[in-house]
Structures are given as C-alpha cells and as structure tokens.
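**Student:** Based on the hints, put chains U and D in the right spot on chain P.
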Amino acid sequence: MNIQHHLKGRPAHRKSRSAVAIAVLVLTSACGGAASQSTSASGSGAEQPQRGGDLRFAQPVDVKQLDPVAAVETQTIWVLDMMYETLTATSRDGRKTDPWLAQSWDTSADQLTWTFHLRTGVKFSDGSPMTAADVKFSLDRSRNFQGGFSFIDSAIASVDAPDTNTVVIKTKYPWKPLLADLALWANAVYPKDFGGKSEAAFFKSPIGTGPFKLDHWTPGVETKMVRNPYYWQPGKPYLDSVTWPFVPDDNTRNLQLKGGQIDIDQFAPFATLASLKSTPGIKVQIFDSNVVSYVLINERVKQYQDVHVRRAIAYAIDAETMAKASLYGYGSVACSFVAPTMAYYDPNTPCLKHDLDKAKAELAQSAYPNGFNTRILVGGTDVYQESVGEIVQQQLKPLNINVTLQKVDPGQLYATLSKYDYDLSYEAWASDIPDPDEQISFMCDPVGGGAGSYSTDYKNPQVVEWVHEAEKAFDESKRAELYSKIQAQVAQDAPWVVLHFIPWQYAFSDKVHGFFVYPTANYHLQDVWLSK
Amino acid sequence: MDRLSYAGVRLLQLIPILLGISILVFLLIHLIPGDPARVLLGPRAPEAVVRAQDAKWGLDQPLLVQFARFLGGLLRGDLGNSLTYGIPAVPLIGSRIEATVWLLVSAAVLTLVISIPLATLAATHPNRLPDHIIRIVPLVGLGMPAFWLGIMLLLVFALGTGWFPVGGFGDTPLDHLRSIILPGLTVAFGIVPITIRSLRAAILEVVDADYVVTARAKGLPESRVLTAHVLRNAIIPTVTVLGLNVGWLVGNTLVVEKVFALPGVGGLMIDSILSRDFPVVQGITLVFAVLVVLVSLTTDVVRSLLDPRMRLGR
Amino acid sequence: MSAATAIGLAGIGPAPRTHWYSRTALILGVSLLAAILAAAWIGPMLMGVDPTEQHLLETLQGPSSTHLLGTDQYGRDVLARLLVAARIDIAVGVLAVVTPFIVGTLLGLLAGYFGGWLDLLISGLVNLVMAFPFYVLIISLVFVLGAGVQGIFVAVALIGWVSYARIIRGEVMAAKSQEYVLAARAAGYSSARIIGRHILPNVITQALVFATADIVVVIVGIVTLGYLGLGIPAPTPDWGTMIFDGQVFITTNWQISTIPGLAVVITGLALALIGDGLADALRPD
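Protein sequences appear in the order of chains P, U and D. Here the first sequence is numbered in the numbering used here, starting from 1 and rising by one per residue. Here the second sequence is numbered in the numbering used here, starting from 533 and rising by one per residue. Here the third sequence is numbered in the numbering used here, starting from 847 and rising by one per residue.
If you are wondering where the hints come from, they were derived from the structure by calculation, not from laboratory data. It should be emphasised that the depicted structure is a prediction, and the values quoted were computed from it without experimental measurement. Some hints could be false.
As the list claims (entries may be wrong) - Per the computed footprint, the stretches of chain P lying under chain U, defined by three or more beta-carbons under 8 Å from a beta-carbon of chain U, are:
hint, region
1, 57-69
2, 143-151
3, 250-257
4, 412-424
Said to hold, decoys possible - Here are some chain U residues pointing at chain D (derived, C-beta under 7 Å):
hint, residue
5, 676
6, 680
7, 786
8, 825
What the hints assert, rightly or not - Chain P is faced by these chain U residues, among others (derived, beta-carbon under 8 Å):
hint, residue
9, 567
10, 616
11, 619
12, 628
13, 683
14, 686
15, 795
C-beta: ideal position from N, C-alpha, C; glycine also.
Next up, chain P with everything else stripped away, as it sits in the complex:
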C-alpha cells in the first residue's frame, strides 16, 4: 500500500524525548530490566539489548537524495532522519514536542523571542562538536531554500547564535507551533559552511549528529549506514549498521521476509498481514499513525457547490463496509477529519454516518435528484486507492451517480489535483508535526493554507476565521474549543468524505527488538537491537 506517495503535511515532528524518558531508558538498559515504555515497541520486554548486527530494512520506495532541506519524499525523509537530527522531536504518542538537540528553552513575555539551550557534548559523526553556529547555519539555509518544506519556517524572523550553546529565534508574530516546526526534518543540523566543503561535495558524503552515518548510497538499489561512534545517547545505537534495500514488489518483500533475507518489511499490504502473523519467526505490528483518508470533492465542479449533493455522497458512502474489503480488519472508520493521535482531536465530532435513505433525501433537495456522471481520481499503482475507487463506484450507484475511474500515475497526480482537473479524488493526509495547524490550514483555509483547501476550494468564512484564531492562540483550552468547532462544522459541510484512520503496518523478524514507529511515520533505529 503505497499511501506514502500521498503523504503531505508539514514535517514538524514532535519527537518528544523528555529527559526523564531518556534517563529511564539508560537506567533500564544498564540494569538489564524490561523497559516498559509508554507505548509498546517490538520484542519481548524481558531481554537485554545486544550489540551488533546489520538490520536489513526493505522499503517499497527508494531514497532519492541526501539533502534534508530538499527532501520531500517520505522514505527518503525517514532514512535521512537516522543521519541528521533536529532541535526538537515528536513524542511517542505524536501529540507533543520533546527536547532533542535542544535541551530546554524559554520564551519571552511577548512570545516573539525563543531562547534554546543546546544539549552539551553532542558531536558530529566525524567527531567535531556541534555548536550553535552550526544550528544557525542549518536553519538559515532551510529558511531560505526555494521549494521543499521551507514554508514551515515562514514564521521565523531571525536566528542568532550568541554563544556556542545558545540559539535565539525571533518570530514575526506569536507562533505556538514553532517547537513542532523545529522538529521537521528540513530543520536538521549539519556543520556550518558544510565543514569547509562545497555544498555539492558535502552532500556526496554528508555528516550529521544522528545515530548512524552514511556508508554508501546506491540509487535504485540500497542505502547503507553504519554506527556513529560519537552518538550522544550513551550505549546507542546497538546495531552495527542498517541497510535499506529498495524492493518495490510487495510479494518479493513478503517472500524475502519469510526467507530471512530481510528483517523488516515496510508496509506489507493489509491483506497479507494475517498470513504473515501466523508464520513462525515473523511478527506483525500495527503502529498508531495520524493518517486519515478521504474522498475529496472538487467545489469548482458545478454540482459540488451544493452542500446537499456533497452530503448525499457522504451519506451514501459506507466506510465501514469498505474497510472490510480494503483494510482487512486493520485501522478504523474515521469520523472527524483529524486523526485521534493529533492534539485537539475531538472524539465527539457529529459526523454523517452511512444512511442510504438520508443520502437520497439530501440529493432530492438538490438540483440533481436524478443523479449525474462524475469521475474519481486515483493514483495508478496503489492497491488500497484502487479499492476505494472501485467501491465508491459501486456505492454511489443507488443514487444514479455514475462514477468512472480517472487513473493517473503518481507523476501526474499532483499536477492533476493542483489544476483542479478532477471531480472526486481519493487522498490521504499524514501530519508531519503534532500540531493540527498544518493540516487544518492546508485543508480549510484556501488562501492561508496555500493549497486551496486541499484543492477542493472549500471556503467557509467562519471556519477560516476560527483557523486563524487558533494559530495565534497560546491558551490550550481556547485552541481546543476552536478546533472542536472546526471539526464539527466541517463534518456538516462535507467538503470531503472522511473514510478511515490507517495505521502504519510493519512485518518483521522476531529477532528485531525495540522497533517503534511514531505516528509521524518515522522510526528511531538507535533503540533497535537484533537477537541472534
């Protein structure tokens, strides 16, 4: 299931690693006791981590380049996350930001100045110390980059390094999501002035502060990293090396896992999980994600400007039954368009549950009571997407809405969407930061979010106003209230049909321990160890 082609969102990983959590880990690994962590990771808890081994982690999409600032593709980002690090990090439950390279921070009274105190003793993989000057260099480069996710830093006015361990960031306006933004991979830290090399030379053999350093990158084949001996977390990483082979065929990965050629099979199709689980030596684990799938409705198409038509479609689509045939019992039916793992998710959102009678009633109130012809856009090679497309085709038939599949290959998908050249479209959202602002402004604020409300042209002025208010508010309860109102109103307006919450599914050898995937989809391989 190549949902990763369509993951969008701001890469603000709130890698929350509080100092307490780290201390616990250190203590437990030293004492050899079972580390009972807040959210479960793989492997039995009663074993002690062992050093050594090469982890073979097969992925269906290849690593495309080595510059974190330019990286936009998910697999590339997750792999680079093992080589580079950021000031803050997403927490394990995906809702908070934790200190990472920055140990602590203070905010000024006017909330415009943030002072970050860097962790001491952090070194790059060549042994040189990381300083505030490196941070300033990296953040300035990210801010000024044309393309990628540089927009995430648009609230930053200036970055300064008054001394070796302090970084001062001034924002243009009060901006609560800053901590989340800094966790984004594009804000990774690398040596000032590329350590004296040219940019091109640096990225041929880049270095960072991450648990692993690059051994070789063979495009289209594999990427390999080896242990960073200078890594700041004591005792870690346990592994000697990690190899990411590029294996695009789902069945080949499946067979390779069963045959012991690889240790981790990324995104094994849901349909195969039951059989994998029952294979000796193999485990399947479902990790909470923040992914939500939708059927987007293009409001530039005449009939979709009528809320009754949209609501009719929302009532007609039966996400529950669809889930049986496309998710095989994994994931769950979504109600709010925000994932449960996001902050300010409202479980009480009043959504439109499947009801064919209500669907017909809504359609009768519109100008198209006898149905119409329409298309649904799906990406060409993704099994889950196709299943959504085909099932929607069938589920809208009772309304006399005739749906044709508009299949395009991934290379054309973005272009087709951004040109509004579609009627209905399958899409999914995965947040890169724990703050819901990224998703909500992208999907509800056509101008401010910069994407025309995920290319649906949905504009409800009241909702837009709430979005702006929530961005600027620092009061938790105020933000919660606003985001609840937004979720409820969107459910009533039906600018899209919310389908499912889709978890991150992995199958791996039972020799792999400590493997955990964050809701933001990235993983921390420094915690992973292999048993013999």
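**Tutor:** Structure of chains U and D alone, referenced to chain P:
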C-alpha cells in the same frame, strides 16, 4: 564481403538507427504529461519555484533546442543528470547494466540448455509420443505472463525449497549466479517453445542431408554424426531466432527485474518513466537499442562461422 | 515479437508424415478456441450474474454452489468476471493484430517485389523499429492516451507490423523466381495484378500462421500492462487486472491470480495449436 568489413558496415548502420531512436524517444517522453520538477520538489512548492527548476534543467526551451543539447551531450558521452537522483545519468545507468547482462546471458544459456536436448529427442523420434509431448507442452510457455511465472518460481523454488535466494542479486559472483537462475528461467520459458520448434525442424531437415548420409556411410557413430554435423547446422536457425528475438527479450527484462528485485536497467526504466526522468529514459532506450543491434550483429557473425555456406551481406 | 518467432513457429524444411499431427493440432486448437469463445459470449448470459456487482461482506470466498470459482476481494463472482474478461482480452488481441497484419503485409510485398531503394527504405525502417524497446513505447502511450485499450492498439500498430513485413518480404523474394511469377511477367501482367492475384495468395499463409502467435503475444502484453497497473480501468473485468488485483493475495489466496493466468495460458495454447497445425499442414512435403 569478408567478415571484418561486414561487421564494420553493420556497426556504421548503428548510427542512423540510434539517431532515429533518439528522436523518437525524445518526442515520446516529452509528449507524456507530467512535470519532473513538480515530482522532485513536491506538491507544496510554489509554482514559481517549480518553473525556476524547469528553467535550470533547460526544460522550458523549445523542443528543438533541448534535442540539440541532448545530441551535443551524447557526442561527448554525457547524458546529463538524472532528474530524480541528481547524479549523472551515465554512471547511474552503467552501474545497472551488469545485472541485466547477467539476466540476458543466463536466459540465453538456459534456453539452449533446455532446447537442444529436448529438440534432439523430439527430432530423433519424429511423430511418436516424446515428439508430440515435447512439441505441445512448451506451447504453454507462450501464453504465460512472465511476472506470474516469476512469482510462482519464487514461491516454490526460493521460498519453498530454499535452493535459491528470494530475489535480489547478491554481492559476489557466486551469489549472482545463484540469484540469476530463476529469473533467467522465467525469461527462457517464453522463448523455449520457439527455439525447440525451430531446432527440431532444422534437425529434421539436416538429418537426411547429403553430408550426413556420407558421414554415416563412412561409419561414424551416430552420436558423432549428431554433434559434429547435425547439431552444428541446426544451431544456426536457433541462434538466428534468439538473436532476432533479443528486442523482445530485452523488453521482458523490465518486468522480470521488478519481480526478482534485480538491480538492472529494466527496473530503472520503469521508475524513470514514472518520475519523468527524461535523461535516464533516453539513456536506457539508447542502451537497449545498442544492445539489440550488437546482438543482431553477433548472431549473424556467429552464423557465418558455423555455416561455411553462408555469405555475409547481400 | 519478431519475424524470428514466425520462422521458429513455421519451422524450416520438410518433415516426414506430419498430417496426423497437423490434423490433431488443428482439431484440438479449434475446438478449444470454440469452447472458450462460446463460454465467453454465452456463458455470462446463462449465469445471469453481474461481474461488477460487489458483495463486500462475502469477499475472498472459495468455490461454492453460488460462486463456482469463488469470489474476489470485493466479493465479485470470479467465474463471471473471468468469462467477461475473455471477451475483451480476446477481442483486443485479435483487433490489435489486424492493423499490423495489413500494413506489414503491404510493406513486405512492396519491399520484396520491387527491391531496390524501396526495399532499402522499408528494411531500414524495420531495423529501426526492431531496436525500439516495446515497453517504453507502450507505457508512454498509456500515459499520453490514458489507461485503456487505445494505448495498446496504437503501440502494437506502430511496432507489430515489422514481423509481418519481414516474413512476407522473404516469401515474396523466394516467390519472385518461381515459374508462375515468371510466366505472369512474361505474359505482361501489371505488377499490381501479379502481386495481388498471383503472389499474395501464395505467401499470405505464413503471415496468417504468425498472426495466431501474435494474438497470444498481444494478450500477454495487455495482461502485463495490467501487472504494471496500466491496464483496462475498472470495473471492466480484464485478465490482466484480475491478476494484478490478485497479486496481493498470492501468498494467501493464490487462486485469484492463478485462475486468470491459466485462462491466458489456455487461450494461448488454443491459438498456438491452431498456428502449429496450420504451419505443419501448409509446409510443402
């Protein structure tokens, strides 16, 4: 015409062929909608930035200009940079050729290894049971999609018995050998029906020929007659068949490489088309074309070596 | 596919007493094909089942009395889909071959009969097209023209004529020196007449034999396109997309991919038997 000048003429013919193909591929790939800059920069990049990247790559120039630059680069041996990976296309493609060549050679060898004994068996017992079976059963291979066969082979012989690795290419030449057998077999299955057929027919034709009768009259043992005379002459049309089918063979590598996760040129081709990586697509197409023409040439030369009666050229 | 396939399939030279084989092969092939065609066109009507109707709560079931071959991942009847898919796959296979057949035969006739610069031109074109990777063309065309059969029609038309041209050209060149042609020329008949009424009927048989194999190749081509996700769009059933859809289940419900795969193989076998039998029967003794 002697062999050397024949080869020379054929190699010269390579030039207009390559030129023709370059033009065709260039036009074709630029016809496909989709913007490589957009693919690279992601959905959130502003239009202005995407257009700037296109300009950097020279993609905003008129087609004729772009083609001229491409040709110029080609003459210098430079195919430009891969738009997806940002590294030069020539070494990228070059690093992948090895696996594809292994696959093609393995397929050719396996084809011969399977066809020759079976065809001989059929031809020496014409119209009896072994003959019928050997003629009909391989026909099944004609209609068998390569990718499906590949998966089945992986399931049974790699996973099931553990004799072969489950896809991949390995690191050492020995690993390569083990990894290439199942994929080679997959490709061979598609051609074997044809080679068995033509080899059988050729043997039948030759077996009654004058020089064979003479050899028998001289008292040579049957096996000697078979290998020295019959097979040698029967191989010619088989080699012809293989050589002329190389275009199809090469096309099949695309799918087989994907199934077996072989780091070859075919797999790279699919990904490059999907991401609109023009320089790489053009480069690989040219590589294929050269391969096809060279193999064609080689089979013709080999034919002439095996058949003293054949004259090269027209 | 290339002319080599034709040579390979047609065989070279005489063989002793092949009538028994050619008759058996032809009978077997024709009967099999007839059975397939009957099943495809009449079967679904008799079954009365809609191949596109989904039953999302009855997915991936094995064979039963209501669903003879079980259901697929959306609960659709596999047998119904298989038969309806046969229609489109076979139809596309046959139709796609028509254009290359006509164009190739024509060009082959011209090149073989007139020789000279016409032959040079056409043969040069043949070499060029032969070296062009088929899958690059077909994938690009699918992107340009959209998913569906039009891509395959155009691609096969652009590349497939080559084999026919080569076969016919060879045959015509051999025929040129035959007595009946020499006589016709001596009689002063126009080239058009000689080609059309004397040569063509004698050489066309080889092309026909090749065409039977070509249809199989096109069907396999459509199926492979489906594997790459570029096949005929849903909900129209098509063997290729059935195999593609079933891939995910190869390790669990392998029959979903295997059954359509077998359908392709059996259809290919029927056509190959016909081609084989024809080739055998037509070979001079």
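**Student:** A separate judgement is required for each hint: does it hold in the structure or not?
**Tutor:** Going through the hints against the structure:
With 3 residues bearing a CB less than 8 Å from a CB of chain U, the region 57-69 of chain P meets the requirement of three and the coverage assertion stands. For the region 143-151 of chain P, the stated coverage by chain U is satisfied: 5 residues place a CB nearer than 8 Å to a CB of that chain, which reaches the threshold of 3. Counting residues of the region 250-257 of chain P whose C-beta sits closer than 8 Å to any C-beta of chain U gives 4, which meets the bar of three, so the coverage hint holds. Beta-carbon proximity to chain U at under 8 Å applies to 5 residues in the region 412-424 of chain P; the threshold of 3 is reached and the given coverage holds.
Because the smallest distance between the Cβ of residue 676 of chain U and any Cβ of chain D comes to about 5 Å, under 7 Å, the interface hint for this residue holds. Nearest Cβ of chain D to the Cβ of residue 680 of chain U: about 5 Å, under the 7 Å cut. The hint holds. The interface hint given for residue 786 of chain U holds, since its Cβ lies 5 Å from the closest Cβ of chain D, which is under the 7 Å cut-off. Restraint check, residue 825 of chain U versus chain D: the minimum CB separation of about 6 Å is within 7 Å; hint holds.
Annotation: interface hint on residue 567 of chain U holds; nearest CB of chain P at approximately 6 Å, less than 8 Å. Interface hint at residue 616 of chain U: satisfied, since its Cβ lies 6 Å from the closest Cβ of chain P, which is below the 8 Å cut-off. For residue 619 of chain U, the interface hint holds, the least distance from its beta-carbon to any beta-carbon of chain P being 7 Å, beneath 8 Å. Given hint, residue 628 of chain U at the interface with chain P, holds; its Cβ is 7 Å from that chain's nearest Cβ, closer than 8 Å.
About 6 Å separates the beta-carbon of residue 683 of chain U from the nearest beta-carbon of chain P, less than 8 Å, and the hint is met. Because the beta carbon of residue 686 of chain U sits about 5 Å from the nearest beta carbon in chain P, less than 8 Å, this interface hint is met. Checking residue 795 of chain U against chain P by beta carbon gives a least distance of about 4 Å; that is within 8 Å, so the hint holds.
Violated hints: none; the structure is consistent with every hint.
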